[in-house]
Amino acid sequence: MKKHNLDLANISTILYSEDHAQVNLPVCDHYTGRPKYFEKALQIRAEIGACFDITLDLEDGAVVGHVTEIATWAAQSLVDFSARYGGETRRPGVRLHPVQDPAFEQELPIVLREGVPLPAYLMLPKPENFDDVKLAIGRIREQCAKAGVEAPPMHVLIETHGALAAVHQIAGLEEVESLSFGIMDFISSHRSAIPKTALNSPGQFENPLVRRAKLEISAACHRFGKVPSHNVTRNIRQPEMAAEDATRAKRDFGFTRMWSIHPDQIVHIVSAMLPTDSEVDEAVLVLTEAQKAEWGPIQIKGELHDRASYRYFFEVLNARSNRGG
Numbered sequence: 001m002k003k004h005n006l007d008l009a010n011i012s013t014i015l016y017s018e019d020h021a022q023v024n025l026p027v028c029d030h031y032t033g034r035p036k037y038f039e040k041a042l043q044i045r046a047e048i049g050a051c052f053d054i055t056l057d058l059e060d061g062a063v064v065g066h067v068t069e070i071a072t073w074a075a076q077s078l079v080d081f082s083a084r085y086g087g088e089t090r091r092p093g094v095r096l097h098p099v100q101d102p103a104f105e106q107e108l109p110i111v112l113r114e115g116v117p118l119p120a121y122l123m124l125p126k127p128e129n130f131d132d133v134k135l136a137i138g139r140i141r142e143q144c145a146k147a148g149v150e151a152p153p154m155h156v157l158i159e160t161h162g163a164l165a166a167v168h169q170i171a172g173l174e175e176v177e178s179l180s181f182g183i184m185d186f187i188s189s190h191r192s193a194i195p196k197t198a199l200n201s202p203g204q205f206e207n208p209l210v211r212r213a214k215l216e217i218s219a220a221c222h223r224f225g226k227v228p229s230h231n232v233t234r235n236i237r238q239p240e241m242a243a244e245d246a247t248r249a250k251r252d253f254g255f256t257r258m259w260s261i262h263p264d265q266i267v268h269i270v271s272a273m274l275p276t277d278s279e280v281d282e283a284v285l286v287l288t289e290a291q292k293a294e295w296g297p298i299q300i301k302g303e304l305h306d307r308a309s310y311r312y313f314f315e316v317l318n319a320r321s322n323r324g325g
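Note that UniProt numbering has the sequence shown beginning at 1, numbered continuously upward.
Keep in mind that the hints were calculated from the coordinates and are not lab data. Worth double-checking, as some hints may not be accurate.
Unchecked claim - So the derived label-pair ranges between C-beta atoms look like this:
{"id": "1", "residue 1": "ALA145", "residue 2": "THR68", "range": "17 to 25 Å"}
{"id": "2", "residue 1": "THR288", "residue 2": "HIS168", "range": "35 to 43 Å"}
{"id": "3", "residue 1": "LYS134", "residue 2": "GLN22", "range": "18 to 26 Å"}
{"id": "4", "residue 1": "HIS168", "residue 2": "LEU209", "range": "14 to 22 Å"}
{"id": "5", "residue 1": "SER278", "residue 2": "GLY302", "range": "26 to 34 Å"}
To be verified - List time: in silico DSSO-like cross-link candidates among lysine-lysine, alpha-carbon distance up to 30 Å:
{"id": "6", "residue 1": "LYS196", "residue 2": "LYS3"}
{"id": "7", "residue 1": "LYS134", "residue 2": "LYS146"}
{"id": "8", "residue 1": "LYS301", "residue 2": "LYS3"}
Ideal Cβ placement from N, Cα and C applies to all residues, glycine included.
All chains should be modelled from the sequences, with the hints used to inform the complete structure.
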């Protein structure tokens, strides 16, 4: 991959006539609900850099029936993380329980309190509708006000019929920066009408109802400048399958981030989701020549390029620079 001295911030002001507010997040979101797996994720981060997020899972990925203990572990993990890495390093996120679950109210004052560094984001699972998301945002704001801190950004897990029906409303909320697809609960909600083959590849990319859900989520996110995050790869014994799923999710469905549920999946997802070296090299070539032409039309190898294609190649470089490349 060729190095470049292109000023992406300046290029953005040239290519976009209005405020180009886009959320940029690491391309992989790794979930862990146990201390030893959290430490393993931190070891990988030390090796490959902060090109993936870590989410402390208080819900499906945690032991059932220990709400207070697990929330306390998450809070202490945030304290320890900040002491270990300093305030400038991106902190883990936290997945809460659904807003209608009593555990939600138990977790908030433990995770969001004075003396506990704010998580990078909060993941809200299983909202039944738009009102559930608004309710959760309101309760989080109230708790943050009590603690004297700003509310962290929200990530929302789309896995119910109602949430999918309201996906554009949810993506349009200022507090929301990412939407994820929860494939397992989504398929379960169809009461066996979707075959279990759609839980894995290739079925998850071929079943019409699942395809529709993925496309709706991705389209809503891109409409509002938010980040669409793809569902898990359930096969943890063959981590390379996560790379195959990530490649197809990005190429065919427009997802720019993906969940990991096993440490061995992380590197595969990151590699698949980031632009390749050849894509970056082409983007550098096109934008360098465009800059020389003062952003007028040019041709390279017989192909026309103008401001529309410049914006495409700008986004390639922006993705590599701002999502962990």
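Hint check:
1. Restraint check, ALA145 to THR68: a C-beta distance of roughly 22 Å satisfies the suggested window 17 to 25 Å.
2. Between THR288 and HIS168, the C-beta spacing of about 37 Å keeps the proposed range 35 to 43 Å intact.
3. For LYS134 and GLN22, the Cβ-Cβ distance of about 24 Å falls inside the hinted range of 18 to 26 Å, so the restraint holds.
4. For the hinted restraint 14 to 22 Å between HIS168 and LEU209, the CB-CB distance of approximately 18 Å keeps it satisfied.
5. For SER278 and GLY302, the hinted distance range of 26 to 34 Å is not satisfied, since their beta carbons lie about 19 Å from each other.
6. The straight-line distance between the Cα atoms of LYS196 and LYS3 is roughly 46 Å, outside the 30 Å bound, and the hint therefore fails.
7. Of the pairs offered as hints, the one joining LYS134 and LYS146 holds, with about 19 Å between alpha carbons and a cut-off of 30 Å not exceeded.
8. Proximity of LYS301 to LYS3 is assessed by CA-CA distance (about 21 Å); at most 30 Å being required, the pair is judged to hold.
In terms of the numbered hints stated before, the structure departs from hints 5, 6, listed from lowest to highest.
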